[in-house]
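Quick mapping for you: the protein sequence lines, in order, are chains H and G. 1 is the number of the first residue of the first sequence in my numbering; add one for each residue after it. 1 is the number of the first residue of the second sequence in my numbering; add one for each residue after it.
If you're looking for bench data, these hints aren't it; they were derived computationally from the structure. Treat the numbers as computed from the prediction; the structure is a model and nothing was measured. Built from N, CA and C at the ideal position, the CB exists for glycine as well. Any given hint could be a false lead.
[Said to hold, decoys possible] Computed, partial: chain G to chain H, Cβ under 7 Å:
#	residue
1	N114
2	V269
3	L509
[Stated by the list, open to error] One-sided excerpt, in silico: chain H residues whose CB lies under 8 Å from chain G:
#	residue
4	G60
5	Y61
6	L63
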Amino acid sequence: MAVLLKLSELAVGASATIREFPKTGPAFVRLREMGLLAGTPVTLVRTAPMGDPIEIKLRGYHLTLRKSEAEHVLVESAS
Amino acid sequence: MALPPHISAGPAGGSSRTPVYALVGNPNCGKSTLFNALTGLKQKVGNYPGVTVEKKVGTAYSQHGQPMTVIDLPGAYSLAARSPDEAVTRDVLLGRRSDTAQPDRILCIVDATNLERNLYLVHQILDLGRPVILVVNMMDLAAQAGLSLRLSQLENQLGIPVIPCEAANGRGIIELRLAMSRPDLPLSRHAWAVPAPIAPAIAEIQASLISHDHKGPLIARAEALLLLTDQDSVRVAGSTPLHPRTAEILRTWEKRWNDEGTDWAGSLVNSRYDAIGRLAAEVVLQSGTSGPTTSDKIDAVATHPLWGWLVLGAVMLLLFLSIFTLAEYPMNWIDAHVAALANAVKGAMAPGDLRDLITDGAIAGVGGVIIFLPQILILFFFIGLLESTGYMARAAFIMDRLMSRVGLNGKSFIPLLSSYACAIPGIMATRTIEDSKDRLVTILVAPLMSCSARLPVYLLMIAALVPGDRVPLLTKVGIMLLMYALGTVGAFGFAWLFKRTLLKGAPPLMIMELPPYRLPRLRDVALHMIERAWIFLRRAGTVILGISIVLWFLTAYPKAPADATPAQQLAQSFAGRAGHLLEPAIKPLGFDWQIGIGLITSFAAREVFVSTMGVVFNTESSDKDTTPLRKAMLAARWPDGRMLFTPLTCITLMIFYVFAMQCMSTIAVVKRETNGWKWPIFQTAYMTGTAWILSLVVYQAGRGLGF
Ligand SMILES: Nc1nc2c(ncn2[C@@H]2O[C@H](COP(=O)(O)OP(=O)(O)O)[C@@H](O)[C@H]2O)c(=O)[nH]1
Ligand SMILES: [Mg+2]
Chain H
1 MAVLLKLSEL AVGASATIRE FPKTGPAFVR LREMGLLAGT PVTLVRTAPM GDPIEIKLRG
61 YHLTLRKSEA EHVLVESAS
Chain G
1 MALPPHISAG PAGGSSRTPV YALVGNPNCG KSTLFNALTG LKQKVGNYPG VTVEKKVGTA
61 YSQHGQPMTV IDLPGAYSLA ARSPDEAVTR DVLLGRRSDT AQPDRILCIV DATNLERNLY
121 LVHQILDLGR PVILVVNMMD LAAQAGLSLR LSQLENQLGI PVIPCEAANG RGIIELRLAM
181 SRPDLPLSRH AWAVPAPIAP AIAEIQASLI SHDHKGPLIA RAEALLLLTD QDSVRVAGST
241 PLHPRTAEIL RTWEKRWNDE GTDWAGSLVN SRYDAIGRLA AEVVLQSGTS GPTTSDKIDA
301 VATHPLWGWL VLGAVMLLLF LSIFTLAEYP MNWIDAHVAA LANAVKGAMA PGDLRDLITD
361 GAIAGVGGVI IFLPQILILF FFIGLLESTG YMARAAFIMD RLMSRVGLNG KSFIPLLSSY
421 ACAIPGIMAT RTIEDSKDRL VTILVAPLMS CSARLPVYLL MIAALVPGDR VPLLTKVGIM
481 LLMYALGTVG AFGFAWLFKR TLLKGAPPLM IMELPPYRLP RLRDVALHMI ERAWIFLRRA
541 GTVILGISIV LWFLTAYPKA PADATPAQQL AQSFAGRAGH LLEPAIKPLG FDWQIGIGLI
601 TSFAAREVFV STMGVVFNTE SSDKDTTPLR KAMLAARWPD GRMLFTPLTC ITLMIFYVFA
661 MQCMSTIAVV KRETNGWKWP IFQTAYMTGT AWILSLVVYQ AGRGLGF
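Take the sequences, apply the hints, and build the full model.
The following block contains the structure:
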């Protein structure tokens with residue numbers, strides 16, 4: 001079975017696939033609408049100079065979100 | 001007349017009314033650039049009634065010279081609105097706003113380099129059952145990125161006109177005009193599968209929207225689909241609420257799904273992206289170039305843990321240097337011309353009250369504000385530049401962590417920073433903050449950042465404070481920095497307090513797109529600057545003129561005997577009497593009635609304090625050389641013979657100016673940006689209240705310590 005980790009714990013430069021996601025909450029509906037869905041591949045591009053927020057790349061564009069949200073998104077590392 | 005089901009009638013059903021186009025798209029996809037290209041200078045900027053969302057309407061012309069109205073709707077990622085801006089876009093498209101007619105046709109603009117995410121909004125819009133033209137912008141950048149798009153395939157699949165375009169280079173505009181001029185436009189024939197568990201709910205809500213909310217069948221279906229993803233949605237003034245029956249049905253379904261554990265919103269978004277994914281697979285042919293882009297390379301430096309700060313610092317330094325150096329020439333020019341105009345009027349008119357009203361009231365008062373116009377313009381220009389290059393988002397990304405300490409997010413950074421030069425552009429730039437509470441907090445604290453109008457007051461006080469004719473540079477800079485620090489700490493402290501009490505809300509999100517860096521077009525940035533400045537002048541102009549005249553009246557009446565000096569005239573005027581009236585309130589701060597007059601007149605703009613002191617102490621002094629004024633001030637005494645401007649009083653007065661809301665232009669702008677008098681009044685009260693309390697504490701403590 002593949003190991004799931006939090007999006008906030010992904011290493012800089014690492015790629016992964018989104019697996020699990022909270023169903024409700026304004027942040028998560030919006031993240032879905034921005035194309036972050038179960039099965040979407042993402043790359044963690046960098047963290048901000050002070051460690052938070054993080055910048056991810058998905059569907060060809062760059063998106064930022066805070067670690068407090070990224071913690072709730074589980075991903076499967078593409079190793 | 002009978003039309004095939006997928007062909008709509010002409011834009012206005014055949015009548016001669018000007019067709020209305022709504023322009024919609026994601027933020028950063030080039031919407032403003034396209035709007036400018038279509039309408040040129042024929043634009044009108046205002047607000048949607050009741051909300052501070054910009055309403056931009058322009059006129060474009062068809063190939064045959066027929067006018068067409070284009071409404072530039074605020075940028076949105078989805079019709080499930082998360083900000084007042086998006087709410088307005090949603091409400092106009094759904095016909096929920098009584099102040100804006102539902103558009104006849106919709107121009108959807110998407111970024112060719114990022115088709116999938118951009119198509120999400122388009123997908124929602126196609127459901128509305130209105131004729132849509134799809135503009136695929138940034139074709140040049142897509143080609144550079146090695147993307148090749150089969151747009152004819154997209155056109156086939158969707159059944160609507162698809163027009164490739166480079167708004168910034170003016171390519172594709174003619175083709176777009178041609179499409180817009182077509183008397184009839186096909187409706188989309190795109191079909192997608194609504195997830196089965198949700199379908200019955202859609203049908204039921206749709207039926208209720210048709211019978212209770214009087215919507216057409218297609219738009220009712222679109223709205224039903226939307227309502228299910230539109231949880232915790234933003235409501236704004238001016239939007240028609242749902243019929244209670246419809247709202248009831250919606251709640252019943254949501255409760256049922258909650259109990260069953262159905263992820264209804266998620267599955268709707270999923271099905272849309274499934275449909276989009278299939279479209280994109282046919283349209284986007286990616287060739288193998290996927291190395292780091294130019295943007296990636298810039299960001300490796302611009303958001304680097306070390307270099308990122310240096311770049312940010314350098315950008316800010318450049319901003320302030322240009323404000324303080326470049327602005328000086330036009331400011332001197334304005335100064336000279338305002339004075340020349342006043343002199344010309346003096347020469348042309350017979351002496352008398354009317355002449356004084358015009359020269360000393362209107363011209364001097366308004367002149368005192370427009371002297372800041374060059375600084376304001378430069379700031380607007382810079383903010384526009386930061387926005388359209390994409391650096392604004394990086395600054396927000398870097399600063400988010402710091403701003404989150406006081407409960408704000410990174411987007412408040414640039415507005416607050418700009419306020420160090422002038423709070424007006426800062427406050428007007430808060431429109432990029434989506435959350436309305438965060439926006440309000442930022443507006444409320446922005447004027448605490450020491451703006452450039454405070455500088456003359458600080459400089460005068462420092463001159464009076466430090467013995468000798470020359471103030472050592474280090475002392476000057478040191479005291480100045482102290483005042484800036486005090487204002488900054490105050491601003492963040494109050495932001496923290498307001499976010500915890502008055503404007504409590506969920507911690508702001510930082511879900512933000514980092515758009516690729518783009519070369520902005522100077523013309524668009526300049527247009528943006530002029531538009532902002534014009535809004536400021538129009539909104540603040542009457543207030544500034546009105547208050548200037550009132551203040552002049554207060555200083556000019558009642559009249560002293562003809563041989564009185566200006567100082568004597570001022571002393572016995574209403575303003576002078578008000579100074580006396582004020583004295584009991586400000587005496588505990590170490591201020592007498594003469595300083596009181598300065599506090600009253602500098603309500604017009606803080607730097608007026610200096611010229612008022614000039615009149616009060618009967619000295620001729622200029623901005624450049626305050627030595628005579630300084631000497632006169634140091635000679636001033638209380639009736640009991642104590643010195644008036646002791647070092648402690650000077651410090652207290654500076655602290656008062658750090659916190660007090662002494663700026664009518666800011667008040668006028670805050671009124672516009674918050675849609676009413678409530679918040680500017682609150683802001684004036686809390687700022688001036690804080691100024692009074694802090695000054696009291698400092699003065700009394702200083703006295704207690706023997707200063
Ligand atoms: N290369 C290129 N740049 C564009 C194009 N259209 C717009 N831009 C640039 O993209 C940036 C954002 O455009 P803007 O109209 O402000 O986007 P908006 O947020 O959708 O209003 C600006 O710097 C524009 O000059 C285009 O077709 N090609
Ligand atoms: Mg724009």
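Status of each hint after checking the structure:
no., hint, verdict
1, N114, "holds (5 Å)"
2, V269, "holds (4 Å)"
3, L509, "holds (5 Å)"
4, G60, "holds (5 Å)"
5, Y61, "holds (5 Å)"
6, L63, "holds (6 Å)"
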